[in-house]
Amino acid sequence: MAEVKTAQGNGNVVSLRHVSKRFSNGTLALQDMSLDIGKGDFVSLLGPSGCGKSTALRIIAGLGDTTEGQVHWPDGKPERGDIGFVFQEPTLMPWANVFENVWLPRRLDGASKSTVRDEVSEALEMVGLGGFAAAYPRELSGGMKMRVSIARALVTKPKILLMDEPFAALDEITRFKLNDDLLHLWEAHHWTVVFVTHSVFESVYLSNRIVVMAARPGRVAQQLGNDAPHPRGDGFRTSEDYAHLCRNASDALHAAMDEHTTRAEVTA
Amino acid sequence: MNVSPTDPAGGTGPRPAEAAGSRSSKAGNMTSALEETALKSGPDLRAAAERRDRWLRIILPVVILTSAILGWEALVRIQEIPHYILPAPSLIMETLVKDWAVLSGSLITTLQITFAALAVAVAGGVGLAVLFTQSKWVEISFFPFAVILQVTPIIAIAPLILIYVDSIPVALLICAWIVAFFPILSNTTLGLNSADHNLRNLFQLYGASRWQTLWHLQLPAAMPYFLGGLKIAGGLALIGAIVAEFAAGSAGRGAGLAYRILESGYRLNIPRMFAALLLISVTGILIFLTFSLLSHLMLRKWHESAIKREN
Ligand SMILES: Nc1ncnc2c1ncn2[C@@H]1O[C@H](COP(=O)(O)OP(=O)(O)OP(=O)(O)O)[C@@H](O)[C@H]1O
Ligand SMILES: [Mg+2]
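Here the protein sequences come in this chain order: A and B.
1 is the number of the first residue of the first sequence in the numbering used here; add one for each residue after it.
269 is the number of the first residue of the second sequence in the numbering used here; add one for each residue after it.
In case anyone wonders, no lab produced these hints; they're calculated from the structure.
Each hint should be verified, as a subset may be incorrect.
[As the list claims (entries may be wrong)] Result set (EDC-like, lysine to aspartate or glutamate): computed pairs, CA atoms no more than 20 Å apart in a straight line:
id	chain 1	residue 1	chain 2	residue 2
1	A	Lys157	A	Asp171
2	A	Lys177	A	Asp234
3	B	Lys569	A	Glu139
4	A	Lys177	A	Glu119
5	A	Lys159	A	Asp234
6	B	Lys569	A	Glu100
[What the hints assert, rightly or not] If you only want the chain A side, here are some residues facing chain B, beta carbon under 8 Å, derived:
id	residue
7	Glu89
8	Ala133
9	Tyr136
10	Tyr242
11	Met257
Where is the CB? At the ideal position from N, CA and C, for every residue including glycine.
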């Protein structure tokens, strides 16, 4: 198992320490999972369906308790707005227009409409939806809804952005486009991102660290560093490096899945 | 050529006219261009079919209803049915005009009770639903009462209520309230609890208070359910008021439409009975239409039920 240092090397934003999670129905979703997320890291959580990626992400966000182990925040517990979360579905309020949806995190913090106007516009500009503030979610395409959801996560200027397979439901062209946009934003702002995906290509293209997870119980099987230079673009997608990294990640993923099958056979 | 309602060019992309509009995105232009070529020969036929559909929707029921009334009129005239057995529609209308002074007074009484009961049902139903969602213990404790009130036929409790409550209007109000209350309570409770799970998580993530979650998430999510309940409750409040009036059988100036029906029955004034009946039906229909319109106006921006789908 390769030890990979955090890319930026300037401390961790958050660490999972020996975290286990058992649901009340007895499912052991995570077992002894440890993971450091460094400042400015773009970490991908890659694993087969049901291996506990969402569970891990929700635990980092504080949306679920751990059964054992802790989530450690070296700079102190996150405050309101320190965490941005993008769900697998856009999760917008259908009764509210784009502006009101993006305003929501700030609104819950007591910010009035007039004070947030600039912040909301800025967030919408970032995701390329500057002119759509007045549109309702039903008037938007799937990709546009996802962008709104990302703008909403960005509007509080979070310390860490957690994304749970945000583009999984989109077609490949839109997904590539949003991948590029996300990457450009990250290159410009160097946020800390944890990005859940089950696409090997997506994880290689975007992140500087790939955390491969194994299933039942979910745990970290392997970590792969990816120091391909930024900015990355179509050139990177067609490069040798990219193909090589994809093969490595894919092998790691298969190894993790085989490990699970052999285990299951042993216990059966 | 394609005149069927499923049109391949429309697709599921953004609707250019609404979503993109003047922002004129690339995708918008492409879609409209596609639409144009695909439907070159289609739009006339399709528009014509749509127009015909719209007219038929209005004309058909009107024609059927009119012919039924004319048939009734003809039957009464040809068979020379005496008006104390079956009055002709023309006589009913005549009576309605002639007795308007009496009937309108009763109509107002019935309407007052109906709407007062409905108002209390809305306040009570929504209030209790909010309490229910705030604490499951409150719900567990009080839900049985709501169910008992709902399943007991109002006609069976009305006499009791009339005995216990001195003021007849108040007794009538209570009866109408009992029937109108439940659909609002149960629908609103369901609506408050059906807010999207991920949205709830989002509110939790941003540290929303109970009050904020209720106001910004649960109440809007419950709106379609509440409005559905209101549509049912409006009709039920009228029925409750009428049933209670029957049970009370009270006379005097403040008597409602049900009393007019009873009274006309005793006096064999069948045309007036029909006139009162007509008023009750029309009131019921108007109440339903009003709440349907209200529901449409409140939901048209976002809820599936009120959106005209353009594909
Ligand atoms: N609320 C819950 N109650 C019980 N079991 C759960 C619950 N949520 C998830 N699980 C179980 O925990 C395991 C991990 O689920 P999780 O949603 O984290 O997987 P995932 O890696 O995100 O999968 P996917 O890629 O399909 O989203 C699964 O076996 C699932 O059945
Ligand atoms: Mg998941």
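Do the hints match the structure? See the list:
The straight-line distance between the Cα atoms of Lys157/A and Asp171/A is roughly 28 Å, outside the 20 Å bound, and the hint therefore fails. A threshold of 20 Å between alpha carbons decides the hint, and for Lys177/A with Asp234/A the separation of about 11 Å falls inside it, so the pair holds. Between the alpha carbons of Lys569/B and Glu139/A the distance comes to roughly 10 Å, so the proposed pair stays at or under 20 Å and holds. Taken as a hint, the Lys177/A and Glu119/A pair is broken in the structure, with Cα atoms around 24 Å apart against an allowance of 20 Å.
In summary, the hint linking Lys159/A to Asp234/A is not supported, as the alpha carbons are separated by about 29 Å, beyond the 20 Å threshold. The suggested pairing of Lys569/B with Glu100/A holds, with an alpha-carbon distance near 14 Å, which does not exceed 20 Å. With its C-beta approaching chain B no nearer than about 7 Å, Glu89/A sits inside the 8 Å limit, and its interface hint holds. Below 8 Å, beta-carbon pairs count as interface contacts, and Ala133/A has none with chain B, the closest being about 11 Å; its hint is therefore violated.
Restraint check, Tyr136/A versus chain B: the minimum CB separation of about 6 Å is within 8 Å; hint holds. A hinted interface residue such as Tyr242/A counts as satisfied when its beta carbon comes closer than 8 Å to some beta carbon of chain B; here the least separation is about 28 Å, so the hint is violated. The interface hint given for Met257/A is violated, since its Cβ lies 28 Å from the closest Cβ of chain B, which is over the 8 Å cut-off.
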